[in-house]
Every structure is written in structure tokens, then in C-alpha cells.
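Please take these sequences and the hints and turn them into a complete structure.
Listed in order, the protein sequences are those of chains A and B. 9 is the number of the first residue of the first sequence in the working numbering; add one for each residue after it. 72 is the number of the first residue of the second sequence in the working numbering; add one for each residue after it.
These are calculated hints, taken from the structure and not from any lab test. All C-beta atoms, glycine included, are put in the ideal place defined by N, C-alpha and C. Among the clues, some could well be false.
What the hints assert, rightly or not - Stretch-level coverage of chain B by chain A, calculated; a stretch enters the list once three of its residues show a Cβ under 8 Å from a Cβ in chain A:
1) 250-263
2) 269-282
Claimed, not checked - Not the full set, but computed from the structure, chain A residues with beta-carbon under 7 Å of chain B:
3) 28
4) 62
5) 65
6) 83
7) 87
8) 107
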Amino acid sequence: MAGAESVITFRETQMRFGRVRALEQFDLDVRRGEFVALVGPSGCGKSTVLRLASGLIDATGGTMDRATDNVGYVFQDATLMPWRTVRENVELLGELEGMDKAERKRKTDEVLSLVRLTEFEDHYPRTLSGGMKMRASLARSLLLDPELFLFDEPFGALDQISRARLNEELMALFGVKRFSSVFVTHSVDEATFLATRVFVMCARPGRIVEEFRVPFDYPRDPAIRYSTEFSKLAGAIAEALREAS
Amino acid sequence: MTLHAGVPETQEIFEEEFTDTGTWREGAMTTMKNSVPPLLVFLVFLGFWYLMTYLVLDPGRRWLLPPPHEVVTEGFLVWDTFLEIMEGLWLSTKVALMGLAIAWVIGSTMALMMSQAKWIERSLYPWAVASQTVPILALVPIIGFWFGFGVTSRVIVCVIISLFPIVINTLTGLLSADRGLHALLSLHGASRWTRATKLQIPAALPHIFTGLRTAAGLSVIGAIVGDFFFGRGKPGLGLLLDKYASRLQSEELLATVFVACMLGIVVFWGFGAMGRRIVGAWDPYWAGEQDA
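Shown next as C-alpha cells:
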């Protein structure tokens, strides 16, 4: 990996909210085309990392450098606008960024078919299942072809089956688009299945305590989740996570 | 032990989930299901009324509660009386709707300002609450003193009593927009204006209709109550009530009461229909109202 260009770099980054030390001495490098997962106990500042990375908030110390402004943010909930249909929701960012109408339509068609929601484009979110809402949310962030994706526990609210399925779909998307990602999750399995590197964080103050390299090639077969190698690695990550909590 | 000890209420809820995509027949069935029970209650009410008039009241005191058919013949079938009541209805409707329109403009502006800056919210909110707690009767003499005892003062009463639900519901709605969506709009450089038009106002619509519907009902009350105090000029429904009561014309009095009730119901229903039409497709609350 040495020599690959960084998309985002944190150096001794510090974030304080009043007296609360959310992050301290936080270092992280995400290289182009790399899928990084962050796992850690609740309240360890995982979401803070994403807010800093997106520029929603500014660090109180250290530095954060980002090589691109084209960032996609996927939230824990689908955060769709209930008054817009699936298609209208997907078009939102195009409207905000002044994408012209024909281009917007073309891109919307493309991303809707990528997440297999074409036949539901005229549905309002309230009539969709949790998994479909999340896919619509993914489609929305794909519209602008972001170079860097920030995922804030996007599948945490879904049932196991939908979650596994969306992991596989995200894997396929990553295979096609090769964006760079920071993926925050509570699930060790999810992190191991998706990421090139998994970082374990500890709380108060939040920082990285351990790094794991995931050796599997992309695209990954869903069945690797049941292999011995996968279990061993996931077990080691889970152990590190337990120590960090 | 029975395996099918289905709870009827639960069963109905589940069945409704599957029958709402109805055909014409199912639609007609739903209408029947919804309209027959209240109609039965109305019939029971009429029966009770006749009972009171003919069995409870002594013939010499029957004028206190004339039977329903006499209310209809005296109140609605005598042309002059009918005309008088309809003119009163028209005036009260105008007063109520004018008051509501003004309250809507003022209330929405207040709510919009309050949603944009915390300090404005802190400054205005207590006054919005105060406008609700001030006993309107205490203000009546001074409203009359300043604006005369005619239509203007009646409209002002309507504005004051319908302002509160509009401000509160609109503000709640404007602030209800999802935090994630706020963040998303910020990330893509949305201006205050874009944020308001693309996020806050659409998110507020269901609440706005709830507020309007409540306010409309209150405005009708204001128009009728205002009449009692500001009697100059053409009479609205309130003045007619006053007049018929003082002349012991109970048939006309009850006919006017009926018309006043109908006005309240129609206004409430009208704004409900508007809400269902505009936001019913996507808002769970107003979509649920669709069955009502």
C-alpha cells in the first residue's frame, strides 16, 4: 500500500466539546480506493470522526486534510424526505449542486438501477421496507459519484437478513465504483467482510488502539464469512474491541 | 384450548391493512361502515329530544324545547326567518375566515422568524402563549373602545383566539425536520432560503394543517362570541342567538344553534379535507385521516 495517495489524513487530531474529550491524539490515513472500517464501544467518538471528515465540524486541535470535496455521507437512518418520492429523494443533491435536468435524470436512472429500486421510483418512503429505504439513501449519495464515502452505522437499524444482503450489495457497488470509504459500525462481522483495514477505537478520549489488515480480495464471496480464516480474524478484532471497552 | 382465539379488535386492524386498496364495492362498504353508526346516534338523539318535549315537559312549558319538526318549519321554512339566519351565517362565516386568514399570515410569519433564530423564539414564544391565556373577555371593552363595535372588532377577536394554534403548530413543524437532513443540506452548501423551502416548510405542512384546522374551529367560536359584544351593524349568528333568546323565539333560536354547529363542522371538515388532499399521500397522520 505504500506510496498510494491519501484521500483523508488525520494527524494528532483533537476534538473537545466543552470539557468532554471526544477525540485525542487521533491518527488515521485513508488511501485512495481503500475501504476503512472503524469499530469501537458506544461513545468512543466514531461519529465525531465522520463529522470532522465531512467538514460538518472543525477540529479543536491537530489537523485533518482531505484531498477531495466530493464526499458522500450515509447516515444511520435513511433520512429520506417523506414528502418526496424515491426518485425525487435521489435527485435532491443534484438539485442542491445545480446539476442540469437531463444529467440529473440520467444519473438518477443509473443509480436507481444500481440499487434495484427502479420499479419503486414513484413510491413514497413510508411505503418502503427498512432495507429499501436504506438502498434509496445509498442511491441518493451515489448520485454525485463521491470519491470519499462516510458511512455512519448505515445498516444498524436493519434486521440480520436485510443487513447481510445490503453488505453484499455495498460490496458489489464498491467493486464497480472503487470509492474510498470510512465505515463506522458496531458489528465486527460487517467490518471484516467489507473493509481492507479495520481500526479498533477506545473511548474517553476516543483514539485508535489497534489496526487489522483484512487479506481477502475483492469482490468477496458472501461465503467467506463462514471460513475459518474469517472467523479467526473477526475473533481477534472482537477480542481487541473487548479490551478497548 | 383453542388455537383461534382471535381478538376481534386486532383482527379488524389487520384486515384494514389489506382492504384499503379498495374497489368501488369496498369503498361503498367503508362509507357505510363509517356513516351508519353516527347516523344511528343522531336518530337516538332525536328520539330523546321528542321524549323530552312531549313526555317530560309540561304542555305549558313546551316552548322551552319545541319538537325538532317545529324547529325546521319555523326556522327554515319561514322565508324571512330563513333569510335572516342565512345572512347571519354569511356574515359570521366572513368574519371567521377573515380572522383566520389574518391570523394565518401573522402566525406563520411569527413561526418562520422563530424557527430561524433561537433568540427570536425566546423573545416571542412567551407572548404567543400569553395570547392564549389572556381572557378574551377582558380585552373586549378595549377592542371596542379602539376599533368600534362593528365588524372590525369581531375580526380582531377571531385573530386573537386563532393565532396560538397556528404559531405553535407551524413552529413545531418547522423544527421537526430531520437532523440528518439538516446536516446533508449543510454539506451541500444550502442557503437559509433553500433550507426553508426544501426542508423546513415541507416538513411543517402536516403540522400547519393541524394548526389551521384547530384555529378554524376557534375562529368560528370567536365570530359568534364577538357578536355578543360588538352588536353594531349587521347581525351575525351570535346576535341572532341573542335576539331570539330574548324574544323567547325558541324554534328560531334552536335553528340558529343548528346552523352555527354546522358552520363549525363544515369549516373543520373543509380544512381536514385540504390537509388530506395535500399531505395525505406521504404523511402517516393525514393518511390515517383518509379513512375517517
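Worksheet item: Taking each numbered hint in turn, which are not upheld by the structure, reported in ascending numerical order?
Response: Hint check: 3, 5, 8 fail, others pass.
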